[in-house]
Structures are given as structure tokens and as C-alpha cells.
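Novice: Build the complex from these two chains, which are given one at a time in their own frames, with help from the hints.
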Amino acid sequence: MSTAIDQQIVTFQEQFNRVKAEVSKVIVGYNDIIDGVIMSLLASGHVLLEGVPGLGKTKLVSTLSDVMHLKFSRVQFTPDLMPADITGTNVVQEDALGEKFLEFQPGPIFSNIVLADEVNRATPKTQSALLEAMEERSVTVGKTTHKLDSPFFVLATQNPLEMEGTYPLPEAQLDRFFMKLKVDYPTVDSLHTILNRTTKIHEPKVDRVLGQGEVLEMRKTVRAVPIARPIQDYAIRITLATHPKPPYAQALTMKYVRYGSSPRGAQALVIGGKIRALLNNRLHVSCEDIRSVAYAALRHRVLLNFEGEAERVDTDAIIKGILEGTPEPN
Amino acid sequence: MVSVPDLNVRKEKEPFDSMSDQEIIIAALRRVERRIRTNRLLHELTFGFSLFIAIPVLLKVWDLFKPLRGVTVSLIVGTWVLLFAIYVVWRSIQKGTLDAAASSVDKNANLQDELKTAYWFINNPRRTDWVGAQIHRAATNAQRLNVDALYPRSIPKTSYIAAAMALLFVILNFVPLPWNHNWLTLQAAPAFALSDKEAAILKQTEELLRKAEKLKQPALEQKLEAIAQQLQEGKIDALQAEQMLDELQNELQEGNLDAASINEGLEEIANELEQSQKLEPTANAMQDNQLNLAADELRKLAEKLGMNTPEESKQMQKSLQQAAENTRPGLEELTKLLKEAAENLKKEQQQAAQEALDGAAQELEGLEQKIESQQLKNMASQQLQTLKDSIQQRQASSKPGQRGQQQQASSKGQNAQGQKPQPGQPENTQGQSGESDTEGEPTDQAGDQGQPGPPMPGAGDGSGLMPSGKGGGEAPREGAPTQLDVKLQQEKVEGMNDGGEKPENLEESSKQERSRLDYRNVKSDLSPAQKDLLNQDRIPWEYRPLIKNYFQAIRPPAKK
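For the record, the sequence lines run as chains A and B.
This note's numbering numbers the first residue of the first sequence as 1 and each following residue consecutively.
This note's numbering numbers the first residue of the second sequence as 1 and each following residue consecutively.
Extracted from the complex, chain B is given alone in its bound form (with noise of 0.2 angstroms):
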């Protein structure tokens, strides 16, 4: 008998009484391939995920040093969920037979190909005695065989490869760098995450957003709150938040007040109140932009109507009334009221006047509101400018090859002022408003040193009250890189036609080229009858200099 090691010895019996020893071979085939299996799994599915876990490890340690978005993230990830998982159901499919279970069985076991014959002989019968022995023999040895000692249930090595790899990925997803995104938390690296003084930029925005809140628009503010929140959650990436910031400034241009047609109109009615000595306070205070002091003034004056000389109550009704002419667009309102209060002081109904000089002084104080309000949106205009001028940049710095494109065509229809204004902006932008302002400095200061302007309400119009524009002006490019936009002239050149203004195509090729003269030409010491000899003979290339040294070597010389 063929002795089975003790180790492989089964320690207790098995109810095989009543099989036969067909049944008993296959049965403990079936059982040996089920153990095969089931560690062959275990040793593949380990080491598969060994081998994978080597991949989102490898990312993630790619994503401490240059954070991946989300969307890549959940691509790949999801990728590989999909491929391990095709691999585990791919090996879990795949089932071993009992002729391999038995070939192994037979190795481990030293049976000396005992079983694989028996299981043979099983599957294609031999009406022989001894292959009736044999399939006895096998049975017997089959009934002894121990498959948890002949295939122990070991942890495979790979596994605690596995295992580390496993560790590694969760200890990489904690790691406490502030640019380090856990994924086990489902977390991402945004698609655009905007910089501190960005972010400074888009609160003060915010802010200037919030004070506007007369302007019975707050779903402004709501919008900017939320574009902020989706740059920060990593939903959308720095084209889309462009995009929108421009939808919010276009938003923000709509119903723009045309103030520097206001700002002359009132500057215009100023000046024709002024001729009233009892009009004179409102009008200076009107061209101080003081609207709401010129209202009070206004008020004051209506109280003491009746208290005025018949030839100021004139003096007035003539200055009202040529207030009234005033049709700049925005004040129809107020040139309706004062032009009312005119014909009023002229019928001498002082009660009516007085009505109508109220109202005014109340067109008055909504206009002032306005203004303030207006400021605060262009202002607030100003701010998203800027933060798009960023985020373009750092795009541009990002891809060059695509960006800088975008980025170039964007600052060229802002900083190329008084060329070419965009559509929607007026040519008169924040510097020139504020030279055409009197008190324009504070505004032309911050734009020439590219500092972000404060909310400054109602210190001057250099601030940027800009007709129907998009905030006026250049920018505030705090942090940003200076662009230089320097249109080089060129310089004329002479020999050029054009002087070197266009560009010009030369032809005809280069005069630094072989000499086409026949060789033949050059003029030569030699007789006519050594030329022919020379030309007839074929001598070739390489013995011609040998030959001419030889001749020139037996030349008699030459006579002193």
C-alpha cells in the first residue's frame, strides 16, 4: 500500500460506509477541488487586490501633490471598482475539475498518480479485476486522505500586502495637509478654489451686495453667495464660474441709472436755480451732490413761501421754470415737480407750490438714493471684474496654450481704454470719469495703484459712477502680475518701401549662394593646346591636382 503521510491522515471518519468506491474517490475529489478553489480564490482575490489597491494608493499619493477633482477622482475610483469587481466575479466563475483536483491531490498527497488513474478508470470503466483493485486501492487511500492537513486554510502572504496597501490609502486620506482632500469622506479637491485675497474680494463684494439691499435686489446677493459656495463645494470649475460672475455684472448693469447724465442735469438745474437768491442754498448743495441736504433746503423753502417778496416769489417761478426746461433723461420726475411748483408760484397758489417743491425735495432725496445705490452696484461690479481678471489669470498661468488666448482677448478689451470699449461699457471709464469730475482723485489714485477701492459713499463721484458702464475703469489688480500691453512701434528702416510698416516678401533668392560662372571661364596660364589636352583626356577628380603638381614640378623655370 502506498503510505499517506500521518499529517494527511484523516483523524476522524466520515459516514463512506455505504458508498462505493467510485462514490467515496469522487466524493473526496469534490471536496479536495472545493478547498483548491476556495484557497486559490483567497490567494488570487488577495493578491488581485493587492495589485489594485496599488492603483488608488498611487493616486492618492499623485493627489497630495497635485489635487485631483472630484470628477476624476469618482472616473478613476469608479473605474476600478468596476474592473476589481469584473476580476472577482472573472475568478469566482471559474471553477477547477475534478481531474485537476485529482492530479493535484495525487502530488500533494504522494500518491503517485493513484487517484487521477482511479478517477480515470471512473469515467471510462474497465471490465477488469484490476482495475477494480486499483479504483479499491484509490478509495481506500481517498477515504483516508485529511484535506485541511494536505491544503492547510492559510492566510496568503499577498493578504498582508493587501492589508498594508489598505492602511497606507486610509493613513494617505488623513494626512493633515490643508491641501489633502479624504476621499473616504467622499471628499474632492474643487474644480476651482479660489485664493485668499480672491476670496477677500468676493466678501467685500458680498458686503457692498448686502448694502444694496435698497435696491430691492437681493437675490444678487443670493446669487454671488451661491456662485461662492459651488467654487468652494468643487461643483463647478473657473470657466463656469466666469460664466456666471458675467450673468451677475450683466445683472448688475441692468437698469444702471445713466448717472453722469443725471449727475449734468442736476449740475445744469443747479445752475439755473442759482439764479434765484431763495433758491441759491438748494442749488449749491445740488452741485455738491448733496442731494439730500438740497432737499431739506428745498423743504425749508417751501415752509416760508408765504414769507417771500412778490419779486422773489418771481425771482424763483422764473429759475424753477427754467429748471423745468431740463430734459435730461432720469430727471422727468423732478423737472414735472419743479416745473408744477413754477406755475404754481405763478398762479399764486402757494399751497399747490408748496406740494409740488415738497415732492421735489422727496425726487430729490430718491435720486440721492439712487446714486448711493448705483455707486454701491458699480462697486460691487468693480469687485467681480477683478475677481474674474484672477481667475482668467491663474487659468492663463494654468494653460498657457488655451488660456493665455482667452486671457489676452479679455485684458485687451479692458486695459486697451479709450480704444476700444466693449459692448455694454462706456468709453468713459473710471480714471476718465474722475478727471471729469472734480473731486476724482481718490478713484483715479486706487486705479493707477491697482489697489481694490473702498466703498466710499458719497466721497466724490471719482468713485466711479459711470454712466451705464460696467463700474468704470481699470480694475483694482491687487496680487495679479502687471500685464504689459505695449504696442511696439515700428521703426522705419531705410531701403524699404513702406519703411518697414508692412511686411514684405522677398523672392528672389539669396546672392550668398555657388558661383554659377563656368569654371571654364576663369582666365588660365594654360595653352590653348594643354586646355584641349586636359579637356580631352578623361583624368579623373582625384589625379588631376597629381598630375598638375608633376607638370608644374618638370616646368623649366621661369627666367630671372
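So here's chain A without its partners, still in its complex pose (with noise of 0.2 angstroms):
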């Protein structure tokens, strides 16, 4: 019994870095979101990667998807674009006859790895179909409801700094992301390297290393780590301090938010620990797991109070006051 089950995590970690590897091979010097995003899709979340332009972030998820025997789609978000172009509409056709029916045709949401290039550029009520479609994990046109392929794993990119024209996602629609990763601009090593591999003739191909079934393995075997009451108990305590109201409210919570993080990021907390636990090679979550995923599951759920706006506060400061200050089980 310990045997296989020593095995799928042996495999489980086998998998992962071979996906992380073949990433690397084209995104240079980002380990952490290349984990972060890995983990999301094995985590059945989504990712909001945010960043200034020209960092890779779309580069990143084609290549994740160049890994993967999974079907890819990438929406680029506009102004313009309507909620059908991303779902897909019902269609009038003639058959043989010449008699004329609709047919639906599926949108780019129709695939296993959708890209949301610059979500934040579309209106919101075309952010709200990719949304619906995110949780619910279906599309409802006209009268029916058609099913999305599982693995399904959008990732959103947005600018932070070009705001004029832009529609910011809603705190509602943000806590549906599984993390948000923020791309910060690469260091000079990594700058180096990334100059090396792109300016050459021959640029670093990728092979598909893993398969839809894979995919879904892997989730399974995520969700079959334990977890132990007192750890979950500090994942539930860390969600509830970052909410201003007392008794886990810690000073600077009460400062500086509004609102804390929902349910999902305690669970965020949980499924990226228990993704952390197999990487370590464990059998069991820990704190250590729980911390070191917090600020990605938890920086797009607190949402700052008007003060918290005006000092221009980050949530990762917020949230590292929390972890510091949210003793472990005894």
C-alpha cells in the first residue's frame, strides 16, 4: 500500500518537473510562476498573471500549452469583444434538405488551456461569460448548456500599469482565479539567458510531455493528501485574519481592508499545500506548505479599504503580517 502510493508521488513529481523543465527551456528566471501556474492547473484553478507588458507571461502559458497534449485557445481581450466571440453562438445552417437549423458553434472557451490576453481591456460583461464559464465550468447558449473539456485552466494576464480604457476585474469575478502570480521584470542573469536563446537562429523547442489523463491523475493524487485538523485549522485562521473584524483581525488588517478572502482562498491555501506536500515528497501538509503558498492564493482576495487605496498598500505586506502573525498549532 505504501509502495504505490510511494510511487504516485514519485510520478506525480516526475510529471511536474518534466513540465517544468520543458517550460524552462523557453521562460527564463521564473521558477515561482512557472510552479505557481503548474499548480494551478493540477489544483483545478485558474491563474491571473499580472505584469508589465513584454515579460513573457503569454509566452509562458503558449509554451505550457506547447507541453501538453491539451487544446489550447487564446482570446485576446478588447474593448470590443462580446461575449459570444468567446463562447461561441448558435449558428443558422441548412441541412441536406435545405431546411435551416442552428447550430451551436463552440467559442475559444471550448478548449483545455484557454489564454485571457489582458482581461481587464474587455467590457465587463464579456469578462462576466469567461467568469461564468471559469466556475461553472459550462456554457449556457441560448437554452442549452454545453459542458467544457476537463482539464479546463484559463489563464488571465492583465497590465497593471496601462489603467485608462481598461474595465479592472471586479472582487468577485478575482476571487474565481486560484492565485494570482506577479510577473516582476527578470534579473540580469536571467536577462542574459533569455537574450541567448531568442536571438539565435535556432530557437528552444519544446516536446509534450503530458496528456489530458495525466493531467487528471495528477489532480486526483492532489486530492488525495491528508490534511491534519490542526493544519487546516491554521490555513482557516490565516483566511479569517485577513478580515478586518475581530478575533483573528490583526492591526494592520483592521487599518487598511475592507474585505478579506472568501472560502475558496482557505481552500486555495489547502489544495496549493497539499501540491507543495508531493513536491516536498511528503505524506502530509504542513504549515511551511500553507505559508508558502499564501500570497498567491490570497493577495487578489483582500480587497483594501479606501485608506489601504490612499497609502497605497500591498496586500503581499498585508498578508505577510498575517503569516507572522498567526502562530502555528501547538
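Calculated directly from the structure, the hints in this document are not laboratory data.
From the three backbone atoms N, C-alpha and C, an ideal C-beta is built for every residue, glycine too.
Treat the hints with caution; some may be incorrect.
A few chain A residues that face chain B, going by a derived Cβ cut-off under 7 angstroms, partial list only [to be verified]:
1. P160
2. R229
3. L283
4. E288
Specialist: Set out below in C-alpha cells:
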């Protein structure tokens, strides 16, 4: 029994590392981002990538799709993008007898991996179409509900600088992303590597190393990892500490936070912790695992109040304070 | 597998083979819990001891500057020991949980909450393969734990502090200072310690009482020795010492001879005996208070009684008869024997008269002995009084609020001689007796100079033979500060009804107060119309000088 589980873990790690190694052939210096993206995929969640243009966000997602035997589609969000452009629409068709009928033409959302590029440029109506599909994993057109294929993984990108002509995602919709990953500017060494790889005749090519079934199997493995009540309690206390109300609220939270994380945040902490545990060859989740995913899982779920916005408080600083102020269970 | 550092890996295997994974984990956690508890106790107790030992050390330092009484030390140290014992028991009975042990070992062995999770799943079983595998893996790691390496038995730093403090405490107890008391040998400052001078007085008093053994009251000396011993051992404080000395003084005064009366009676008897030529040497010796000599003279006279002429016998008989009429108390036996001798001489019964005179001689010797003993007792009483005064003065200086009043009351009673004698204390004090007696100079001098009078038996009446008094007179005040008991004479002040003899309460108020005269009645240069205007217009106070100045400025100049 134990040997089978050990083998399962080893396989999980190998597959994970294979995907990561392939992606890393193209994407340089973003180990944490790559980890986060793959973790979100394995956690059945979606990722919001935030970073200035040109840092390789889109490249990362397209590379990921290349690495996996999964159907990939990309949607460039623009203000004139309509919901039907994403979900698809019923189109009038003629059969052999010349009778007309409506046929559903699926949109780009009917893929395994969907890149929603610059998601904040589309109108809220269009955003809602995507975000509804993210949560329901189905699309309703007319009176018909169309199930989305599994795995369904949305990677949305947004640019934090250009706010003009954008429609920032509302908090309720942000909450649907499993993680929000901040893509920072690469280091000098990373830039050297990027230039070396991309300015030559032969650009690096990646192999497809993971199929749909394997992804689903890995997802099952993640869910099987047990978590003890004290560790789960730790995750809950961290989540509750993001709220500005007692008894778990801390001084920083009470001062700058309007709303804290939803239970989805706690779910993200636990599932992220489970993946981390597997990657560290453990059969249990530790507090350290919870802490390591806390920033990515909670930063977009903490809503700042006016004072926080005015003082440009970084939610990561608040989460750091929460992690420092929440004691581990004895 | 989670790598456990080599340091923490067990070196020899324990018989875990027969145990299940759960049992292995629980056994390991129990072992860890015991070790944690032991180390915690060691730390807490040494830390607690180092804190607690600071109290007796500070107390001992305090004791070096201001010695503490045995009772105080016992009370504080007793409380300290009790509190420390409670602390030890409280800390000892506090046991850790296996949960806490699991958390601790997870941290120390870098097991990433593995044992904590496993222990939780042991208590909350889940029938899944993953949980079983997790517990199995945790048990494997638990077997490899080296508790000695993870939780070494180290001597806490606080124990060095505690040991240093304890050593300091011992050293402080053995500091060779005369006023330092070694608490380790159950010594402490006495409740009240006699000064050197007071000890000398006490010794003198003991000497006097030893000499007065002929009083057949050896118990007095023993009592005094007991008081001295108790004072030295700190069993009694100053107040108790005073009370005991008082009791001893009272005992000394019990059965006190009415010495003045006896002296006067003996002088009267001597005057009567002087009338007879044969009895003149006896009378002279009695007048000189040499009663032994008088007894010898009387015996010689009795032996030669047959050689007396009838005229001399008659003269003797008459003198003896007159002397026997003396009724002074304490002389009853002597006068009775003198009367017998006179009657026998009258009856010409020589033998009987001789026996009566011998008896009178013996009685005189007895009186001499009694008076001498009484002198010693009075001297001892004087010394006791001096000792008491000294103790009282020291107490008064240490507690000016409380004891000062007692001291004043006490010294008033003693110093205000001739004004208000204490109950049982005669008005005839030492000085006065010195004046009344012809040879009272030595005691007067001693009294005036404030020196303790040495025992001078037979030096004269002036040594303080008081009639039923406290040893008479002002006690020597050697070393004690002089107290001025001056009553200021009130001077008559003119103007006072009783000349200032009585306090006068003036209930009327002082004359120096604000004038009650209405300012409006002050003579003014203003015309009635101006006054009316000023009174009618509501002009604020602060503007009135301004307005006044204005009008004064525009007033036409006075015509010269």
C-alpha cells in the first residue's frame, strides 16, 4: 500500500518536473511563476498573471500549452470583444434538404487551456462570460448548456500600468482565480539567458510531455493528500485573519482591509499546500506549505479600504503581517 | 523521505519491532515529552531559584547594614521557602501534552509537522491508504529520532546564576563583621542588645546581688542572669526587658527596711544610752552607725556587769529603760531586749541582765547585717534603674514617635524629684537623704556628676539607704544624653487679661482686611451730574481708566 502511494508521488513529481523543465527551456527566471501556473492547473484552478508587457506572460502560457497534449486557445481581450466571441454562438445552418437550423459554434473557451490575454481590457459583460465559464465549467447559449472539457484551465493576464480604457476585474470575479501571480522584471542573469536563447537562429523547442489523462490523474493525487485538523485550522486562521473583524483580525488588517478572503482562499491554501507537500515528497501538509502558497492564494482576495488604497498599501505586506502574526498550532 | 539530520538519528535500535506504527509514534512522543518536561523543569526551577535566592541575598545585604531580628528573618525566610515550594510543586505537576511534544519534535528535527499530523490521525482515525502511509512514514522517522541529540540534557545558564547567588548568600553569612549574624547557624540579631556600658551596669548589679546573698534571696541574682541571657539571645525585646527589670526591682524592694526610721530610732536609742557613762561607748558607736562595734561594747559591758557600782547600774538601768521606750518600727526586738536588761538590772538579776544585753548585742549585729544588705539591694536597684533608663532612652531615640512619650513620662517621674513621687517611691531621694545625713557627700557627688556610685558598704548613709524607696535619688546617667526638664516660666504680657498665664482665644477677625467702606463714599472731585453719568452708563471696568484719562486730558487747564 505504502509502496504504491510512494510510486504515485514519485510519478507526480516526475511529471511535474518534466513539465517545468520543458517550460523552463523557453521561459527563463520565473521558476516560481512556472510552479504557480502548473500548481493552479493541478489544483483545478485558474491563474491571473499580472505584469508589465513584454515579460513573457503570454509566452509562458503558450509554452505550457505546447508542453501538454491539451487543446489551447487564446483570446485577446479588447473593449469590443463580445461574450459570444468567447463562448461561441448558435449559427443558422442548412441541412441537405435545405432546411435551416441553429447549430452551436463553440467559441475559444471550449479548450483545455485558455489564454485570456489582457483580460481587463474587455467590458465587464464579456469578462463575466469568461468568469462564469471558469466557475461553472459550462457555457449556456440560448437554452442549451454546453459542458466544457476537462481539464479546463484559464490563464488570464493583465497589465497593472495602463489603467486607461480598462475595466478592472471586480472582486467577486477576482476571487475565482486560484492564484494571482505577479510577474516581475527578470534579473540580469535571466536576461542574458533570454537573449542567448531568443536571438539565435534556432529557438528552443519544447516537447509534449503531459497528456489530458495524466493531468487528471495528477489532480486526483493532489486531492488524496491528507491534511490534519491542526494544519487545516492554521489555514483557516490565516484566511480569517485577512478580515478586518475580530477575533482573528490584526492591526494592519483592521487599518487597511475592507473585505478579506472568501472560503475559496482557504481552499486555495489547502490545495496549494497539498501540491507543495507532494513536490516535497511528503504525505501530509505542513504549515510551511500553507505559508508558501499564502501570497499567491490570498493577495487578490484581500480588498483594501480607502485608507489602504490612498497609502498604496501592498496586499503582500498585509499577508506577510498576517503570516507573522498567526501562530502555528501546537 | 524527509531527511533527518545525522545528529538526531538514534545510534542503537530499541525494540520497536513488535510495536505498531501508532505505538511507535506514541512511545516516541512520550519519550520526547518526558525529556522536554525534565529540561523545562530544570530551566524553570533554576531560573525560579535564581530569582528566589535574590530575595534572601538582598535581605542579607540589608541585614549587614541594619541587622534583622530572628523573628523577622524566620518569617521572611519561611515565607520564601513556602513560596518556592509552591512554585516547585506548581511547575512539577504541569505536564506537557503529546500534541505539544509532536510540535516540538517536528520543529527540532525539521519534520515539517509530520509527527503532529500522524498523532492527529492516530487520535482521529481515517481509513485511507494515504493516512496509513503517512503514519507509517512518521513511525519510521520517529524510530530514528535521537532524543538525546534533539533535547540534550544541558545545564541551564540560570543554574550558574543560582549557584553564584547561593554562594554569595553563604559568603555574606560568613562575613567577619561583629554585627553580622550567620543565618546558616540559626543566628540573628537579638531583639535588643545591651551596649557595653549597659552590660557593665548589669555585671555590677549581678555582683551586688551576689554579695547580697546573705539576704537569702539568691533567686534575684538568678533572675537577673536569666534576663541578661535572654537579652543576649534575642529572646526578649526592649519592652519585655524593661518589664522584667521592673519586676526584679519590685522584688528587690519587697521587705525593704524602713531604714530611715531605724536610723533615727537607733540615734534616739543612742542618745538615751549616752546618759549612762557605762553605755556611752556603745551609744557613740551607734551614733557612728557602727553597730558591730556597738554590739562589742555592749558585750564587754555585759561581761563586766558585776563590777559596776550600784549607782552606775542604776544609771544604766535608767538609760536602758528610757531607750527601751523607743517604738520605732524594726527596733521592737532590740527595745524588748533592752527593756529586759533594764528590768533585770532593776531586780539585780545580773545573769539575766547579762543575757539580755548579749541578746541586744546580737540584735544590733543583725541590724547591721540587715542594713548592709539593704544598702546592697538599693545599689542594685539603682543600677537596674540606670539600665532601664538607658534602654528607654535608646528605644526613644529609635522610635521617637512612640517611645519618646513613654520616655518623657518615665523621666518625668524620676527627674522631677520632690514634685511627684512615684507610687512606692519615697519623696526622700538620694540627694535628700544625703543632705539629711551627716555623711552624705559621696552619694551627692555621685548624683551630681552622673557617675554610677560604686558599692561602698559602710561608707556612710549618703550611699543611698532609702526608706522603702527605689534606691533613692537620681540614678547615675552615665553615657545617656542629658535631658533638660525645664519648665519655662511664662512672662506676663501687657494687655493680656491674665498676663499670659492662660491661653486666650480671640474669636474676632483680624483688623488687617479689605476695607468695607463703600468706594462711593470716598470724596470725589466730580460733579453730581458727572457722577450720575458715570453710574448710569454701563462702562466696562477695563475702559474706565481710559475714559477717565480722556476726560482729564481734555479738561481745560486750571487757572493759575
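Novice: Indicate, hint by hint, whether the structure satisfies it.
Specialist: Evaluation of the provided hints:
Of the supplied interface hints, the one on P160/A is violated, with its beta-carbon coming no nearer than about 35 angstroms to a beta-carbon of chain B, more than 7 angstroms. The beta carbon of R229/A comes within 6 angstroms of a beta carbon in chain B, closer than 7 angstroms, and the hint placing it at the interface holds. Below 7 angstroms, beta-carbon pairs count as interface contacts, and L283/A has one with chain B at about 4 angstroms; its hint therefore holds. Hint status for E288/A: holds, given a least beta-carbon distance of 6 angstroms to chain B, under 7 angstroms.
In summary, the structure is inconsistent with hint 1 from the numbered list given earlier, while agreeing with all the others.
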